[in-house]
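Q: Given next are the chains, with one letter for each unit.
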Amino acid sequence: MNAMLTDHYAELLGQVMGYAYPNEVEIQWSILIVIYPYLTGLVAGAFILASLMKIFKVKELQPTYRLALLTALAFLIVAPMPLLMHLAQPLRFYEILVTPNPTSAMAMFGFVYAWYLMAVLLIEIWFEWRHDLITLAQTTPSPLKWVYKVLSLFSTDTSPAALAFDAKAIKFITIVGVPSAFLLHGYVGFIFGSVKANPWWASVLMPIAFLMSAIVSGIALVVVVYMVLQGIRKEPIDMPCVDKITSYLFYAVIVDFTLEALDFIHRLYQSEESVNILGHLITQKLFLSLIVMQILLGMVVPLLILVLAKARNFNEELRKLLYFTAAILILIGIFAMRWNVVIGGQLFSKSFRGLLTYKLEMFGIEGFLIALVVLVLPFPILALLIKLLPSRAVVEHAAPVHA
Amino acid sequence: MKIPEQIRRLGLVVVVLVVSTLVLRFVLLPDSVVSTKLHWAQATAREAAKLPKHAGSTACQECHEDIVSKKAASFHRGLACESCHGPAIKHTQDPLAVKPPAPRDRKFCPVCHAYDPSRPTGFPQINPTTHNPLKPCITCHNPHDPVPPTVPRECSACHGQIERTKSVSSHALIECTTCHVAPDRHKTEPRSALPSKPTTREFCGRCHGVGVAVKEAPKEAPKIDLSTHGGRNLCWECHYPHLPEGHK
Amino acid sequence: MNERNCGQGSAEGGESRSLSAQDGQPLPQAAQSMSAGEAYISKRRDFIKGAIMFIPAAGALAAAAAESPKADAPKTETPTAETPRQEYNPAEHLYGMGIQIDRCIGCNRCAVACKAENDVPDEPVFFRTWVERYTILRSGEVSVENISGLRKDPVHDERDVIRTFFVPKLCNHCANPPCVQVCPVRATFTTQDGAVIVDSSRCVGCRYCIQACPYGARYLHPKTNTADKCTFCYHRVVKGLQPACVEVCPTQARIFGDLKSKASRLVRFERMNMISVLKPALNTEPKVHYAQLDGEVR
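Chains as they are written, first to last, in my numbering: chain L, -3 to 399; chain U, 63 to 310; chain A, 439 to 736.
Worth flagging that the hints you see were computed from the coordinates, not collected in a lab. Incorrect hints may have been included.
To be verified - Reference listing, derived: stretches of chain A covered by chain L, where coverage requires no fewer than 3 residues with Cβ under 8 Å from a Cβ of chain L:
no.	segment
1	561 to 569
2	579 to 585
3	619 to 627
4	639 to 646
5	649 to 658
Keep in mind it's a predicted model, so treat the numbers as computed, not measured. Think of the CB as a built atom: it goes at the ideal place given N, C-alpha and C, for glycine as much as any other residue.
Isolated chain L, as found in the complex (with noise of 0.2 Å):
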């Protein structure tokens, strides 16, 4: 064994407090862990509000309707990156596709994920888009003329009776697609919350509150990505939308400060054996991530702020400001919350008597330098999406077709 990893785990062993099995000493799942859910729930989020508006026919989210479809696809798209980075023996990848485990919530995951890509997610984006693709491949020229062609799927039919269908095909999409957002992600904590063996994931709750973080999480990208949009397109920010989505936003931080709550209220009431050392997991090791990111400046402070913006009927320019603020906040908090959940998970020994360390490194595969990369990477390719599919219906047509 080299000398290097030789230092790497006398410096593990020397940072255990208590006892831990000896296995547990190198944490197993990474920030690379930490980050796939959190991408997977921006996307439920995010596609969950676009669906709150053709659902509800909320009228005031219409101007962030295509661009929460395109945030959706963008992280959907990065999501499977960390997961393949993650894996010790990525060329096997494809076995989890071919001789799938039918008990095994992660194997399942990979259908439940290419379901909601293929069947939800760009069936949806191509219905929305269809008659614009249409436009562009008669207008554009080559060689772009012909990708439009293709994502048609030459597709020429824009008779009134046939763009009627297109907005039914949406609705229905969108009736099919909330649940399977929630099972998208739903799934993803119950990965997590399935474990017996972990005290600190195995709860009944985690695919909830997984769930409710994410519509939290994914509500507050799109405000950020569409405030950030319109500045950088030198466009007035359409107020009512953002009034109304951050009042989606706070309904959404309360029900998810209930249920974290509920889950913590509910672990000191019964006082399981596990009790003491989760106690000194958040105590001792979890404070700064949990307390103070995730709970005051993810939770608390952003509610503030949105109760202020609600309650004191503020100037225009104010309100960006604090909406702007709550939603980083926000954003930042639950990917503490996905941080809380993973590494807290391994700080803790399943003896019960020990915690232990997770040493982020700076670069390797697993370091943070390429979760920064993971992190940012969507944007580029919301960037390229957006600058394929126009966000707002192409002028060339009549009136809008969605209603």
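Keeping the supplied structure of chain L fixed, place chains U and A upon it in accordance with the hints.
A: Just chains U and A now, with coordinates in the frame of chain L:
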């Protein structure tokens, strides 16, 4: 009803994708990729075919009959040859070229025999620093028949910790055999011939009972009234006889 | 005139005209007597026929492969010292282990032998089996230490200690294994004779099994980059040998045996002792049974 154009196109794409996926998975991919039964059989066979490194307890007697039979009658009869000599299958395959190591220093035997409070009481333990310092253990103890050269004082060879505890207690001058009757076999098969413990309160009462006229009862032994003290319990069920006054 | 002269220019090979020579001549010669266009057409027909035949042929091949010998018994050619006896039938055995806490002297020979036998990495963070020391103080405080790693001398004053003992730990080869349940690719599985093993040629290294094991028995092997753990020395057991840890234990604190056997040390162990398992509430049904296990052991 006429199927709308977009459904026809989308449907075609979906059908092509689904069919090609199904064909790929269920028709084109060979068993070596998709058959779990095959994988498991192969993995089991691969695991079973790995080469052992330890030869096993019966392998040595083919050539080392004399040592094995000597050891089988000794205190080390339960100790496998490879516990001390290490994995030796290469030696069984080429005995002249590969020789297993034989630990001859003072560092090896204390791995089992150094005193450690977590070891079960009765397991023979010594203090490696004070027990015949500097001499290799094998000077006095043949590892294949490790009976010590001199008969140990009473029971202290195996029960050293009890002996040490008792020696600084008020029961220091009481011999083990006063209270415990140990059959001779206990020295060679300890677990199958256990010594006895006193079965009556009157036994301890011979020294500690009030009003008991026992000639050898020491005057300084604390006296209690057997009829009222301690209910029906045997004395040693509460009082630790090897250190009755307890730790400070 | 050759009847196969079907005329040039008919491009689409839609007709299912037999290509066998109708005048009895073998095909190649008949082909040679065709015009270039006809040869082209007949070659296309050959190709299309071949392509159409491919799918059922592949299916037939797949079906034939599925009928490969029973996946349960390990394949052996000639029995040697290195391969299991030809007559070994895994279905006749069910392996388990018994551990007697009262006998363990904490000498660590088991962990050392295991590392030697199974090429476990040397570092003190990879163990297929290890031994823990429990020290329970009069105050009720419990202190645990891994003596198979960097062993430290006992730190507590003996006068404060009320109980202290060693506990060997290893994979419990559970009958209801959470690791097998969660493996996404079925790389870890239970053999017919009760051992839970990892197929290191298929493990993708997702580490879900390591997370799911309540006993900390698994680790990711730094060389193979796959999950690894105790296999009950399967390669020894199928040859009638004992696992290495059982072999070298000086006090027979570890007992290995076949629960299906009529004469097995393990069966007697089950009969004569009060048996405990680790973390029974998790219902993993471990097959490593402990006798004289203290309630403080996790």
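Q: Evaluate each hint against the coordinates.
A: We went through each hint and held it up to the structure:
no. : hint       : in the structure
1   : 561 to 569 : holds (count 6)
2   : 579 to 585 : holds (count 5)
3   : 619 to 627 : holds (count 7)
4   : 639 to 646 : holds (count 7)
5   : 649 to 658 : holds (count 10)
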